[in-house]
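Got chain A; can you put chain B on it based on the hints?
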Amino acid sequence: MGEFKVHRVRFFNYVPPGIRCVAYNNQSNRLAVSRTDGTVEIYNLSANYFQEKFFPGHESRATEALCWAQGQRLFSAGLNGEILEYDLQALNIKYAMDAFGGPIWSMIASPSGSQLLIGCEDGSVKLFQITPDKIQFERNFDRQKSSAIRKMIVDRQYMSVSKRKCIVWGVAFLSDGTVISVDSAGKVQFWDSATGTLIKSHLIANADVQSIAVADQEDSFVVGTAEGTVFHFQLVSVTSNSTEKQWVRTKPFQHHTHDVRSVAHSPTALISGGTDTHLVIRPLMEKVEVKNYDAALRKITFPHRRLISCSKKKQLLLFQFAHHLELWRLGSTVATGKNGDTLPLSKNADHLLHLKTKGPENIICSSVSPCGSWIAYSTACRFFLYRLNYEHDNISLKRVSKMPAFLHSALQILFSEDSTKLFVASNQGCLHVIQLLEGSFKHLHTFQPQSGTVEAMCLLAVSPDGNWLAASGTSAGVHVYNVKHLKLHCTVPAYNFPVTALAIAPNTNYLVIAHSDQQVFEYSIPDKQYTEWSRNVQKQGLHHLWLQRDTPITHISFHPKRPMHILLHDAYMFCIIDKSLPLPNDKTVLYNPLPPKNESDVFRRRTAHAFKISKIYKPLLFLDLLDERTLVAVERPLDDIIAQLPPPIKKKKFGT
Amino acid sequence: MVQLRPRASRTPASAEAMVDEGQPTSEEEAEHGLLLGQPSSGAAAEPLEEDEEGDDEFDDEAPEELTFASAQAEAREEERRVRETVRRDKTLLKEKRKRREELFIEQKKRKLLPDIILEQLTTASQTGAKKSPGKLKVSLHKKREDCEKEKKVKVEKVQSVSQRSYVAVRLKDQDLRDARQQAAKAFIRDSLYGPGTNRTTVNKFLSLDNKRAPVKKAAAQFLNNAWGVQKKQNAKRFKRRWMVRRMKASKK
Chain A
7 MGEFKVHRVR
17 FFNYVPPGIR
27 CVAYNNQSNR
37 LAVSRTDGTV
47 EIYNLSANYF
57 QEKFFPGHES
67 RATEALCWAQ
77 GQRLFSAGLN
87 GEILEYDLQA
97 LNIKYAMDAF
107 GGPIWSMIAS
117 PSGSQLLIGC
127 EDGSVKLFQI
137 TPDKIQFERN
147 FDRQKSSAIR
157 KMIVDRQYMS
167 VSKRKCIVWG
177 VAFLSDGTVI
187 SVDSAGKVQF
197 WDSATGTLIK
207 SHLIANADVQ
217 SIAVADQEDS
227 FVVGTAEGTV
237 FHFQLVSVTS
247 NSTEKQWVRT
257 KPFQHHTHDV
267 RSVAHSPTAL
277 ISGGTDTHLV
287 IRPLMEKVEV
297 KNYDAALRKI
307 TFPHRRLISC
317 SKKKQLLLFQ
327 FAHHLELWRL
337 GSTVATGKNG
347 DTLPLSKNAD
357 HLLHLKTKGP
367 ENIICSSVSP
377 CGSWIAYSTA
387 CRFFLYRLNY
397 EHDNISLKRV
407 SKMPAFLHSA
417 LQILFSEDST
427 KLFVASNQGC
437 LHVIQLLEGS
447 FKHLHTFQPQ
457 SGTVEAMCLL
467 AVSPDGNWLA
477 ASGTSAGVHV
487 YNVKHLKLHC
497 TVPAYNFPVT
507 ALAIAPNTNY
517 LVIAHSDQQV
527 FEYSIPDKQY
537 TEWSRNVQKQ
547 GLHHLWLQRD
557 TPITHISFHP
567 KRPMHILLHD
577 AYMFCIIDKS
587 LPLPNDKTVL
597 YNPLPPKNES
607 DVFRRRTAHA
617 FKISKIYKPL
627 LFLDLLDERT
637 LVAVERPLDD
647 IIAQLPPPIK
657 KKKFGT
Chain B
727 MVQLRPRASR
737 TPASAEAMVD
747 EGQPTSEEEA
757 EHGLLLGQPS
767 SGAAAEPLEE
777 DEEGDDEFDD
787 EAPEELTFAS
797 AQAEAREEER
807 RVRETVRRDK
817 TLLKEKRKRR
827 EELFIEQKKR
837 KLLPDIILEQ
847 LTTASQTGAK
857 KSPGKLKVSL
867 HKKREDCEKE
877 KKVKVEKVQS
887 VSQRSYVAVR
897 LKDQDLRDAR
907 QQAAKAFIRD
917 SLYGPGTNRT
927 TVNKFLSLDN
937 KRAPVKKAAA
947 QFLNNAWGVQ
957 KKQNAKRFKR
967 RWMVRRMKAS
977 KK
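Here the protein sequences line up with chains A and B, keeping their order.
Just so we're aligned, residue 7 is where the first sequence starts under this note's numbering, counting upward by one.
Just so we're aligned, residue 727 is where the second sequence starts under this note's numbering, counting upward by one.
Quick caveat, the hints were computed from the structure, so don't treat them as lab data.
Fair warning: there could be bad hints in the mix.
The list that follows gives simulated cross-link-like pairs (lysine to any residue, SDA-like), each with its CA atoms no further than 25 Å apart [stated by the list, open to error]:
id	chain 1	residue 1	chain 2	residue 2
1	B	Lys930	A	Ile647
2	A	Lys621	A	Thr307
3	B	Lys937	A	Phe259
4	B	Lys937	A	Pro22
5	B	Lys930	A	Thr235
6	B	Lys930	B	Asn950
7	A	Lys193	B	Ile914
8	B	Lys911	A	Pro22
9	A	Lys585	A	His550
10	A	Lys658	B	Asp916
11	B	Lys958	A	Ser338
12	B	Lys957	A	Ala355
13	B	Lys965	A	Asp356
14	A	Lys206	A	Glu224
15	A	Lys657	B	Ala945
16	B	Lys943	A	Phe660
17	A	Lys353	A	Gly343
18	A	Lys257	A	His550
19	B	Lys962	A	His357
20	A	Lys657	B	Lys898
21	A	Lys659	A	Thr636
22	A	Lys659	B	Asn924
23	A	Lys656	B	Asn924
24	A	Lys621	A	Tyr299
25	B	Lys965	A	Arg14
26	A	Lys658	B	Ala945
27	B	Lys943	B	Lys957
28	B	Lys930	A	Asp645
29	B	Lys943	A	Pro643
30	A	Lys305	A	Thr274
31	B	Lys962	A	Thr339
32	B	Lys942	A	Asp645
33	A	Lys11	A	Asp633
34	A	Lys621	A	Ser338
35	A	Lys658	B	Arg915
36	B	Lys962	A	Arg16
37	B	Lys898	A	Met103
Computed list of chain A residues with no C-beta within reach of chain B, every gap over 10 Å [as the list claims (entries may be wrong)]:
id	residue
38	Gly8
39	Asn32
40	Trp111
C-beta atoms are modelled at their ideal positions from N, C-alpha and C, and glycine is treated no differently.
Chain A with its partners taken away, still in its complex shape (with noise of 0.2 Å):
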């Protein structure tokens, strides 16, 4: 494989924002989970749990309930009065409504999905009719009249009980006419609404319970606690053979370490996310079918997409933050160690650059030419390039004026090799190439979507030679286009598992896609066609812990000198495939470290795969090529993350 000086980076300071409110959409078994900041990410339950989607945030937008309408349509309300509907082709957001209640604190839609309803802080519960278009005012509900209030409102109310102020944080209404409240006293309580009065009270926790989600078939329901602890509670017989049933807390889960703001109850799973930024899926034993790894525990902590860029060039990385880009050089080193030493650093990395972003939305992505002398970041509404000067060892900033009118949202940007053109995928479905002159810059060309259908672009490749551009969708296979001239060369098949990282090998032009179900696949662009060694893997299928890891791959990248060698990387492992190497089977281990050298030739040729994997760099949220001999990886270490996060409720444990 060849030795490689590793640059472990650790001052990427990158922290999530924590989970708001969690809705899960049982038609399309897709999740959708809106953040603090007001970014709203859908995940793909069925395609490995994967982020297929997500839709940038604004310091303006306090989301506090998210819901699915009328099979596919999202809508989220918030604190500043506003009722927004998502456009999920378009990945834009289609309209805000203003909903004149003043901040909006519930929102649920009806089991018909015609209607929506939302409580108001002004007392006022609104019934709006869903059109096609646009969703319209149809009633106004004072604060009494819960007669004509729907089933299972979620509200929030002032209760006053004894001293403290116990505010009620969910309220869940049953077919059966049973109300649970859940409140921060920690108490889960069930009340019958014909009579008013309190049937039963379960105190299950010393703080606040805040999240309730019931089943579809109302026969079990979770709670999720400011403690981090969920509850799964579940209708019970009393005796094996009576029909009479009752309430049970049947399971704890302890998969968070901060408060679970929000829960959601699928037909399978349990799924809840909180302030500590984790989201946590938990398949119930019971109501899962095939009892296979599909059935374990998934945590989604680290981001699905790329946040960081590199110049291999200059030795530049450009963070990606939500409302800022920092440049950082690499240090540098003279020393030289065996392996598994750590070298000492001559010259510190530096902090090179800083740069805050105008407005209120947030970076949705961003970019740095492989020459380092360009930076390119869009948000919602525009785009943004700058040009970088270097002299000795400053660095002067300046803002390209005067961007094209048709580039004001992207959703990926992408420089080709040499620096000379820029590849921006609008979320109108077009791909945009514009070459970049000296100060300035001139449009080439925009390829249009191909259907009539708009399609958002999520991933984009270059070749290193230029000549060709792939594009990945989200449904479609991927397209490749002819660089030179400027039209399409060919399409990728489509495969039932969106693609979550894409490159183009130098020299071969072999272009390798990873999918969100951990399959890779190489494509031959010149003879468009799979190739032999692709064949060859599909022929004998992955081994069975590839296919089990949980996070998907976000990066691959090429040695430019060994055409036989593809680096690729996911949260926790990096993995260097050697097609020249016999493919492992199901028996052979596939983590297998360096064997050391004095062992045999024959235990080396046994254990020896195309496979060679590396779990010592973990959490990677980066790692790339720079040069032959170096490579870079950026980690987040998860206690980093955990130090920045708001405080968590007391646990007093014995003995400390």
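The following block gives chain B in isolation, referenced to the frame of chain A:
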């Protein structure tokens, strides 16, 4: 104020003060006021200022008598004059407005493209309505900025604008809305992290395991790297400068 005929009455100041602020429509009222003013002025006839020489002569005289006819004639004259001025003002304003309207119409005509091009645009846009909403936005933006370009498309006529590029909002509403949003956020923050909640720092939380381990370790964030950052920077700079000075000194 009543326009009194300049009359050297005994107490001219007090007489004016007595009369009503509102304008009497006829001379009768003014006369009435003056008549009224007299006895009180008589009552308020304190020792006069002796600066006016002419007053001595008129001290004992009664005020002049006005005939009704002359007073009426005067009043009518006033009214006519006032009516005339009002009519003149109105006609002047009307003319001004008319002129301004004509000017606007001319300007609009100048800004609009000739009809032929508009027709072409309508047909072109109907075929490819979704192609470039971005261009729409641009033209609306440019229109708003009032730039002096020749080609300005009046977009409302050509296409139905599905995306508004701007919204008119009342600032007062926005402040109110912001205030309510802040209040709501503060409520959530106080109820979760405010007084009375049982919260602890992240450091203590992460150190619980260290404290309960068989071999007790230090807290998770034992070192405070954020302490004295400025001091450390100053020290580094000083050290560099000191080294340079030593080098120079040793060279000499």
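Hint by hint, here is what the structure shows:
no.: 1; hint: B/Lys930 - A/Ile647; verdict: holds (15 Å)
no.: 2; hint: A/Lys621 - A/Thr307; verdict: holds (18 Å)
no.: 3; hint: B/Lys937 - A/Phe259; verdict: holds (24 Å)
no.: 4; hint: B/Lys937 - A/Pro22; verdict: violated (28 Å)
no.: 5; hint: B/Lys930 - A/Thr235; verdict: holds (19 Å)
no.: 6; hint: B/Lys930 - B/Asn950; verdict: holds (14 Å)
no.: 7; hint: A/Lys193 - B/Ile914; verdict: holds (19 Å)
no.: 8; hint: B/Lys911 - A/Pro22; verdict: holds (20 Å)
no.: 9; hint: A/Lys585 - A/His550; verdict: holds (19 Å)
no.: 10; hint: A/Lys658 - B/Asp916; verdict: holds (22 Å)
no.: 11; hint: B/Lys958 - A/Ser338; verdict: holds (23 Å)
no.: 12; hint: B/Lys957 - A/Ala355; verdict: holds (21 Å)
no.: 13; hint: B/Lys965 - A/Asp356; verdict: holds (20 Å)
no.: 14; hint: A/Lys206 - A/Glu224; verdict: holds (17 Å)
no.: 15; hint: A/Lys657 - B/Ala945; verdict: holds (16 Å)
no.: 16; hint: B/Lys943 - A/Phe660; verdict: holds (17 Å)
no.: 17; hint: A/Lys353 - A/Gly343; verdict: holds (17 Å)
no.: 18; hint: A/Lys257 - A/His550; verdict: violated (31 Å)
no.: 19; hint: B/Lys962 - A/His357; verdict: holds (17 Å)
no.: 20; hint: A/Lys657 - B/Lys898; verdict: violated (46 Å)
no.: 21; hint: A/Lys659 - A/Thr636; verdict: violated (47 Å)
no.: 22; hint: A/Lys659 - B/Asn924; verdict: holds (14 Å)
no.: 23; hint: A/Lys656 - B/Asn924; verdict: holds (6 Å)
no.: 24; hint: A/Lys621 - A/Tyr299; verdict: holds (21 Å)
no.: 25; hint: B/Lys965 - A/Arg14; verdict: violated (28 Å)
no.: 26; hint: A/Lys658 - B/Ala945; verdict: holds (16 Å)
no.: 27; hint: B/Lys943 - B/Lys957; verdict: violated (29 Å)
no.: 28; hint: B/Lys930 - A/Asp645; verdict: holds (13 Å)
no.: 29; hint: B/Lys943 - A/Pro643; verdict: holds (19 Å)
no.: 30; hint: A/Lys305 - A/Thr274; verdict: holds (16 Å)
no.: 31; hint: B/Lys962 - A/Thr339; verdict: holds (21 Å)
no.: 32; hint: B/Lys942 - A/Asp645; verdict: holds (19 Å)
no.: 33; hint: A/Lys11 - A/Asp633; verdict: holds (10 Å)
no.: 34; hint: A/Lys621 - A/Ser338; verdict: holds (24 Å)
no.: 35; hint: A/Lys658 - B/Arg915; verdict: holds (23 Å)
no.: 36; hint: B/Lys962 - A/Arg16; verdict: holds (23 Å)
no.: 37; hint: B/Lys898 - A/Met103; verdict: holds (19 Å)
no.: 38; hint: Gly8; verdict: holds (36 Å)
no.: 39; hint: Asn32; verdict: holds (29 Å)
no.: 40; hint: Trp111; verdict: violated (8 Å)
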